[in-house]
Amino acid sequence: GAVVSQHPSRVICKSGTSVKIECRSLDFQATTMFWYRQFPKQSLMLMATSNEGSKATYEQGVEKDKFLINHASLTLSTLTVTSAHPEDSSFYICSPKQRSNEKLFFGSGTQLSVL
Amino acid sequence: QKEVEQDPGPLSVPEGAIVSLNCTYSNSAFQYFMWYRQYSRKGPELLMYTYSSGNKEDGRFTAQVDKSSKYISLFIRDSQPSDSATYLCAMSEGPGGDMRFGAGTRLTVKP
Numbered sequence: 328g329a330v331v332s333q334h335p336s337r338v339i340c341k342s343g344t345s346v347k348i349e350c351r352s353l354d355f356q357a358t359t360m361f362w363y364r365q366f367p368k369q370s371l372m373l374m375a376t377s378n379e380g381s382k383a384t385y386e387q388g389v390e391k392d393k394f395l396i397n398h399a400s401l402t403l404s405t406l407t408v409t410s411a412h413p414e415d416s417s418f419y420i421c422s423p424k425q426r427s428n429e430k431l432f433f434g435s436g437t438q439l440s441v442l
Numbered sequence: 275q276k277e278v279e280q281d282p283g284p285l286s287v288p289e290g291a292i293v294s295l296n297c298t299y300s301n302s303a304f305q306y307f308m309w310y311r312q313y314s315r316k317g318p319e320l321l322m323y324t325y326s327s328g329n330k331e332d333g334r335f336t337a338q339v340d341k342s343s344k345y346i347s348l349f350i351r352d353s354q355p356s357d358s359a360t361y362l363c364a365m366s367e368g369p370g371g372d373m374r375f376g377a378g379t380r381l382t383v384k385p
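Going down the list, the sequences are from chains A and B. Residue numbers for the first sequence follow my numbering, beginning at 328 and rising by one. Residue numbers for the second sequence follow my numbering, beginning at 275 and rising by one.
Same shape as in the complex, but just chain B:
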């Protein structure tokens, strides 16, 4: 079993749809959770950062962490074609810990 599981997709939705992206993990020591967006042939850019459990909202993006279920989610409201990218979840135990990445989910938002 991989330490971090993420459905690679691809996921295709119409413009305006609500998108739900998810990751599960097995290491209960993970405390820091991140979502990165990666456009084709570009480096990943940090989209959302969450510490421990709870929700965090930033514009059209909401990140949720459920540590009891070892499950994290990223929601995108009113999705736009410019949101088309690969979304990577990432997590670590702490500042000195190694970062573990999901496989990435390829998202296409069709106009």
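Looking at chain A on its own, in the form it has when it is part of the complex:
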């Protein structure tokens, strides 16, 4: 399977601060990056989709100004949670994807806890 690196694995921050999560595809070029959020005992919820060099497309109900996504290269994408609040506490997972590959591979996830 593909190697995906996601950092940090866990972050605790104060309300109002911003947090940046990095996702790297180490052995393939990701033309598309998916960002998911997962609440306890629930399935993955797609937040946004970004194609390299383009603006991200956000799912309904996801605030684009709060969750900033950068996908400037084929191997790196970042998700920045701006002015985080306790309700943003969740498990965030990235999934880089090759254009011609139907399989999805996932990062190890980032547990965000906002105090």
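One should not assume that every hint holds.
To be verified - Capping the alpha-carbon separation at 27 Å, the derived lysine-lysine pairs in DSSO-like fashion look like this:
id, chain 1, residue 1, chain 2, residue 2
1, B, Lys384, B, Lys316
2, B, Lys316, A, Lys430
3, B, Lys316, B, Lys276
4, A, Lys430, B, Lys330
5, A, Lys347, A, Lys368
6, B, Lys276, A, Lys368
7, A, Lys368, A, Lys430
8, B, Lys344, A, Lys368
9, B, Lys316, A, Lys368
10, B, Lys276, A, Lys430
11, B, Lys344, B, Lys330
12, A, Lys393, B, Lys316
13, B, Lys384, A, Lys368
Hints in this document: simulated from the structure, not taken from any laboratory.
Following the hints, position chain B against chain A.
Okay, now just chain B, sitting in the frame of chain A:
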């Protein structure tokens, strides 16, 4: 009706049991079917991948797809405590299509 239905469980079985996990779906255009295993506080890892109908076996794991019934299954033989995890089914129409996930089934294998 959700596009992909999966019983969330929880499912608890004794070690050595055969486990059957299932998903149903409504979109007949789905062609690619996957099963992911997710341990607590970790990202999902691809376990099985199947294209169209049929069976696929990998060690103790067997994936089945019945497109006529819109039903997919994952069987785990000789289940081990290390198999305790949440299992997610996923499917898509093709390489460019969106992936749709089931809710995930939480499995516990007791020693």
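Hints and how they fare:
1. Using a Cα cut-off of 27 Å, the hinted pair Lys384/B and Lys316/B holds, with the two alpha carbons roughly 21 Å apart.
2. Proposed proximity of Lys316/B and Lys430/A is supported: the alpha carbons are some 18 Å apart, at most 27 Å.
3. With a C-alpha separation of about 25 Å, the suggested pairing of Lys316/B with Lys276/B holds against the 27 Å cut-off.
4. Distance check on the hinted pair: Lys430/A and Lys330/B sit about 16 Å apart at the alpha-carbon level, within 27 Å; holds.
5. For the suggested pair Lys347/A and Lys368/A, the alpha carbons sit about 24 Å apart, so the restraint of at most 27 Å is met.
6. At most 27 Å may separate the alpha-carbon atoms for a hinted pair to count; Lys276/B and Lys368/A meet this at roughly 18 Å.
7. At most 27 Å may separate the alpha-carbon atoms for a hinted pair to count; Lys368/A and Lys430/A meet this at roughly 23 Å.
8. Only pairs whose Cα atoms come within 27 Å are accepted, and Lys344/B paired with Lys368/A is accepted, the gap being roughly 25 Å.
9. With a C-alpha separation of about 13 Å, the suggested pair Lys316/B and Lys368/A falls inside the 27 Å cut-off, and the hint holds.
10. Between Lys276/B and Lys430/A the alpha-carbon distance is near 22 Å, which keeps this suggested pair within the 27 Å criterion.
11. In summary, the hint linking Lys344/B to Lys330/B is supported, as the alpha carbons are separated by about 17 Å, within the 27 Å threshold.
12. Our distance criterion of 27 Å between C-alpha atoms is met by Lys393/A and Lys316/B, whose separation comes to about 24 Å.
13. Pair hint Lys384/B plus Lys368/A holds up; C-alpha atoms about 20 Å apart against a cutoff of 27 Å.
Consistency note: the structure conflicts with none of the earlier hints.
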